[in-house]
Amino acid sequence: MAIEYADLNTEWLMDIVLATLLTIITAATPLLFAAIGEMVTEKSGVLNLGVEGMILLGAVTGFAVVHYSDSASLGIFAGMLAGAGLSLVFAALVLGFQASQVATGLALTIFGIGFSALLGQNLVGVAYDGLPKLPIPGLSQIPFLGPLLFQHDILVYLSVVLVILVSWFLYKTRYGLILRAVGDSHDAAHAIGYPVIWVRLCATLFGGAMAGLAGAYLSLAYSPLWIENMSAGRGWIALALVVFATWRPWRVMVGAYLFGGITILQLHAQAMGIGLPSQIMSMLPYLATIFVLVLISRDRNKIRLNAPASIGKPFHPTT
Amino acid sequence: MVFGSPLVAFILTLVAGVVLFQIMGVNPFDALYAFFVEPLTSLYGWGELGVKATPLVLIAVALSIGFRAGVWNIGAEGQLTLGAICGGGVALLFYDVEGFWVLPLMIAAGIGGGMLWAAIPALLRTRFNANEILTSLMLTYVATLLLSMLVHGPWRDPDGFNFPESRIFSESATLPLILGGTRLHLGWIFALLAVAAGWLLMSRTIIGFQVKVVGEAPAAGRYAGFRVRRVIWFTLLLGGGAAGLAGLIEVSGPIGQLLPSISPGYGFTAIIVAFVGRLHPVGVLFAGLLLALSYLGGESAQISLNLPLAVTGVFQGLLLFFLLACDVLIHYEVRWRSNTLTSTRSG
Chain A
42 MAIEYADLNT
52 EWLMDIVLAT
62 LLTIITAATP
72 LLFAAIGEMV
82 TEKSGVLNLG
92 VEGMILLGAV
102 TGFAVVHYSD
112 SASLGIFAGM
122 LAGAGLSLVF
132 AALVLGFQAS
142 QVATGLALTI
152 FGIGFSALLG
162 QNLVGVAYDG
172 LPKLPIPGLS
182 QIPFLGPLLF
192 QHDILVYLSV
202 VLVILVSWFL
212 YKTRYGLILR
222 AVGDSHDAAH
232 AIGYPVIWVR
242 LCATLFGGAM
252 AGLAGAYLSL
262 AYSPLWIENM
272 SAGRGWIALA
282 LVVFATWRPW
292 RVMVGAYLFG
302 GITILQLHAQ
312 AMGIGLPSQI
322 MSMLPYLATI
332 FVLVLISRDR
342 NKIRLNAPAS
352 IGKPFHPTT
Chain B
4 MVFGSPLVAF
14 ILTLVAGVVL
24 FQIMGVNPFD
34 ALYAFFVEPL
44 TSLYGWGELG
54 VKATPLVLIA
64 VALSIGFRAG
74 VWNIGAEGQL
84 TLGAICGGGV
94 ALLFYDVEGF
104 WVLPLMIAAG
114 IGGGMLWAAI
124 PALLRTRFNA
134 NEILTSLMLT
144 YVATLLLSML
154 VHGPWRDPDG
164 FNFPESRIFS
174 ESATLPLILG
184 GTRLHLGWIF
194 ALLAVAAGWL
204 LMSRTIIGFQ
214 VKVVGEAPAA
224 GRYAGFRVRR
234 VIWFTLLLGG
244 GAAGLAGLIE
254 VSGPIGQLLP
264 SISPGYGFTA
274 IIVAFVGRLH
284 PVGVLFAGLL
294 LALSYLGGES
304 AQISLNLPLA
314 VTGVFQGLLL
324 FFLLACDVLI
334 HYEVRWRSNT
344 LTSTRSG
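Chains A and B are the protein sequences, given in the same order.
The numbering of the first sequence is my numbering, which starts it at 42 and goes up by one.
The numbering of the second sequence is my numbering, which starts it at 4 and goes up by one.
Isolated chain A (complex conformation):
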């Protein structure tokens, strides 16, 4: 009898741990998409502060397309397209008109918040089942690890593949080298004959598409529903994650999971009713962002060695 009870208890504990870890993965995935996209943009020397706006536009577009077309893949694609479209506006202003990157990024966020609210006014309160899970045959049968790692929706798998691809692209391919060269010294890259503006345009569009994908994940898988301003600062946290990761893809992934963990653990703590007001717990992800930012930025040399040297600087081609 006693042994059976103990077995039951372990099983119950395992279930709780599994459920927590699974929610951490879903909370980390949108951060991972947005941060890895922004990292590539920044690696090319462009600082796009409009991540929050692009996430929201991606979220509302993805949700709307799924609502009207009933096709999840179309919705995901539309979310990416919306994010990339908004980043194209940014690129036109910053790369074409030489506008201030900081000001334009802020404009992108302000516009994105308003525009997504406008587009989504008829979608508030609409229900969606969420993206279907795609268990990997065989592997998903492994006890504990199977449900933890191999029973996710398509985007979770994609996010991991994306980290591998970005890491490979940046450090193992010629085009990745060009992108990094453009980000470190646009004048030298231009002198060698690389198309600085085109490289930056592509990197910015990729960042926008990934932010849009992060948004689509929020509205189609994480929540899944549309509410105004639903990203709740995730775009800014993603920007901080890039600094935290010192512009390295794998560290971006570690950071995203760390922040997913903080988000979920504070929610669980709220649910268990520990003595603190819920608002104190909700502050945790933001305070943690400040904390890690300070921790990493404290070492000026580390930032100087890892940050793309031309980040945020406008490029004036001299012909």
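Please note that a few of the clues may not be correct.
[What the hints assert, rightly or not] Simulated DEER-style distance windows between Cβ atoms:
hint : chain 1 : residue 1 : chain 2 : residue 2 : range
1    : A       : D111      : B       : V22       : 24 to 32 Å
2    : A       : Y212      : B       : R233      : 38 to 46 Å
3    : A       : F332      : B       : A222      : 54 to 62 Å
4    : B       : P221      : A       : P358      : 22 to 30 Å
5    : B       : G7        : A       : V165      : 36 to 44 Å
[As the list claims (entries may be wrong)] Computed cross-link-like contacts, SDA-like style, restricted to lysine to any residue with a CA-CA straight-line distance of at most 20 Å:
hint : chain 1 : residue 1 : chain 2 : residue 2
6    : A       : K354      : A       : Q139
7    : A       : K354      : B       : R233
8    : A       : K354      : A       : A232
9    : A       : K354      : B       : V216
10   : B       : K215      : B       : R233
11   : A       : K343      : B       : T129
12   : B       : K215      : A       : S141
13   : A       : K354      : A       : I344
14   : A       : K354      : A       : Y198
15   : A       : K354      : B       : G218
16   : A       : K174      : A       : F138
17   : A       : K213      : A       : D225
18   : A       : K343      : B       : N134
19   : B       : K215      : B       : M205
20   : A       : K354      : B       : G211
21   : A       : K213      : A       : Y235
22   : A       : K354      : B       : A220
23   : A       : K174      : A       : Q139
24   : A       : K343      : B       : R130
25   : A       : K354      : B       : A328
26   : A       : K354      : B       : N134
27   : A       : K213      : A       : L203
28   : A       : K354      : B       : E219
29   : A       : K354      : B       : Y335
30   : A       : K354      : B       : R130
31   : A       : K354      : B       : M205
32   : A       : K354      : B       : I333
33   : A       : K213      : A       : W291
34   : A       : K354      : B       : A223
35   : A       : K174      : A       : S264
36   : A       : K343      : B       : N132
37   : A       : K343      : B       : F131
38   : A       : K354      : B       : A222
39   : A       : K174      : A       : A232
40   : A       : K354      : A       : S264
Everything labelled a hint here was simulated from the structure, so no lab data went into it.
Heads up, the beta-carbon is just placed ideally off N, CA and C, and yes, glycines get one too.
We have chain A; now place chain B onto it with these hints.
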């Protein structure tokens, strides 16, 4: 051309508005009338314009000084919230005390609260090299949650049927009105004084000069022995203090109590105001009135044409986009040469 580009940007925003309303199936001219003319057809409306412009002008004058130094304080919304919390806290503390000194004390607390909140990014930037854009913005979320916690918990009105609202401030804790038949309050005078003070600071004082040099030629600033840290501290505290004052004015003027949400994003819109006003105090005054009109217009269009309030944010974002694009006309001279567009840097 410096003041031409906001005008061009505004006209382009109106054109984009016509297209937007057409797509939404609303008669664009009715909509633009509701947005930009209808709010100003009464004295009350003009008073409201001042009420909405007060926080925008106050914050934007201070922010534009920071922006000129290259200090990107974009967490004014959080500093505004903390000003409201501290100033409102004083009002609740002296709830049953009558006295001429209550309001000045609230103002001091509001400014102090905003400065305190801005001191955090200043410290983290100067001591730990942490980016002030991200830290000041994160603190905005923290401040909003703090206010929500207070009005849901200890500061909730005991006779308020459990609504998350504080008590309504007493007479001595309320800003006096200055124009009969409207809600225009003393805060508008503060905003005008801030414009004058901002102009004096930037054109007549040594710290104003240092701000300009550090922003435009950091190397020259270092060479001249200007301390960059001091400029960072100064501009952030100035922005925080102004935003804190604006927050206090909101809760002690038009709102009259503490609520979970006390600002429709004034702290963020003030960033647009600063840019549209060309980072110049007088420009900021006009830009503040224009953006205040966009808030009023949003409300009026919501009532008369049933348009969603979010249109305001879209207009504000579009205005900033067009402005930034038009600025290319200031920095560059466009020349047509053998069918190819080339641009030369002129200044």
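Hints versus structure:
no.: 1; hint: A/D111 - B/V22: 24 to 32 Å; verdict: holds (30 Å)
no.: 2; hint: A/Y212 - B/R233: 38 to 46 Å; verdict: holds (41 Å)
no.: 3; hint: A/F332 - B/A222: 54 to 62 Å; verdict: violated (33 Å)
no.: 4; hint: B/P221 - A/P358: 22 to 30 Å; verdict: holds (24 Å)
no.: 5; hint: B/G7 - A/V165: 36 to 44 Å; verdict: holds (41 Å)
no.: 6; hint: A/K354 - A/Q139; verdict: holds (10 Å)
no.: 7; hint: A/K354 - B/R233; verdict: violated (24 Å)
no.: 8; hint: A/K354 - A/A232; verdict: holds (17 Å)
no.: 9; hint: A/K354 - B/V216; verdict: holds (19 Å)
no.: 10; hint: B/K215 - B/R233; verdict: holds (13 Å)
no.: 11; hint: A/K343 - B/T129; verdict: holds (17 Å)
no.: 12; hint: B/K215 - A/S141; verdict: holds (17 Å)
no.: 13; hint: A/K354 - A/I344; verdict: holds (16 Å)
no.: 14; hint: A/K354 - A/Y198; verdict: violated (35 Å)
no.: 15; hint: A/K354 - B/G218; verdict: holds (14 Å)
no.: 16; hint: A/K174 - A/F138; verdict: violated (44 Å)
no.: 17; hint: A/K213 - A/D225; verdict: holds (17 Å)
no.: 18; hint: A/K343 - B/N134; verdict: holds (14 Å)
no.: 19; hint: B/K215 - B/M205; verdict: holds (8 Å)
no.: 20; hint: A/K354 - B/G211; verdict: violated (25 Å)
no.: 21; hint: A/K213 - A/Y235; verdict: holds (18 Å)
no.: 22; hint: A/K354 - B/A220; verdict: holds (14 Å)
no.: 23; hint: A/K174 - A/Q139; verdict: violated (44 Å)
no.: 24; hint: A/K343 - B/R130; verdict: holds (16 Å)
no.: 25; hint: A/K354 - B/A328; verdict: holds (17 Å)
no.: 26; hint: A/K354 - B/N134; verdict: holds (16 Å)
no.: 27; hint: A/K213 - A/L203; verdict: holds (15 Å)
no.: 28; hint: A/K354 - B/E219; verdict: holds (14 Å)
no.: 29; hint: A/K354 - B/Y335; verdict: holds (17 Å)
no.: 30; hint: A/K354 - B/R130; verdict: violated (24 Å)
no.: 31; hint: A/K354 - B/M205; verdict: violated (26 Å)
no.: 32; hint: A/K354 - B/I333; verdict: holds (19 Å)
no.: 33; hint: A/K213 - A/W291; verdict: holds (15 Å)
no.: 34; hint: A/K354 - B/A223; verdict: holds (19 Å)
no.: 35; hint: A/K174 - A/S264; verdict: holds (15 Å)
no.: 36; hint: A/K343 - B/N132; verdict: holds (11 Å)
no.: 37; hint: A/K343 - B/F131; verdict: holds (12 Å)
no.: 38; hint: A/K354 - B/A222; verdict: holds (16 Å)
no.: 39; hint: A/K174 - A/A232; verdict: violated (50 Å)
no.: 40; hint: A/K354 - A/S264; verdict: violated (37 Å)
Comparing the model with each numbered hint stated earlier shows that hints 3, 7, 14, 16, 20, 23, 30, 31, 39 and 40 do not hold.
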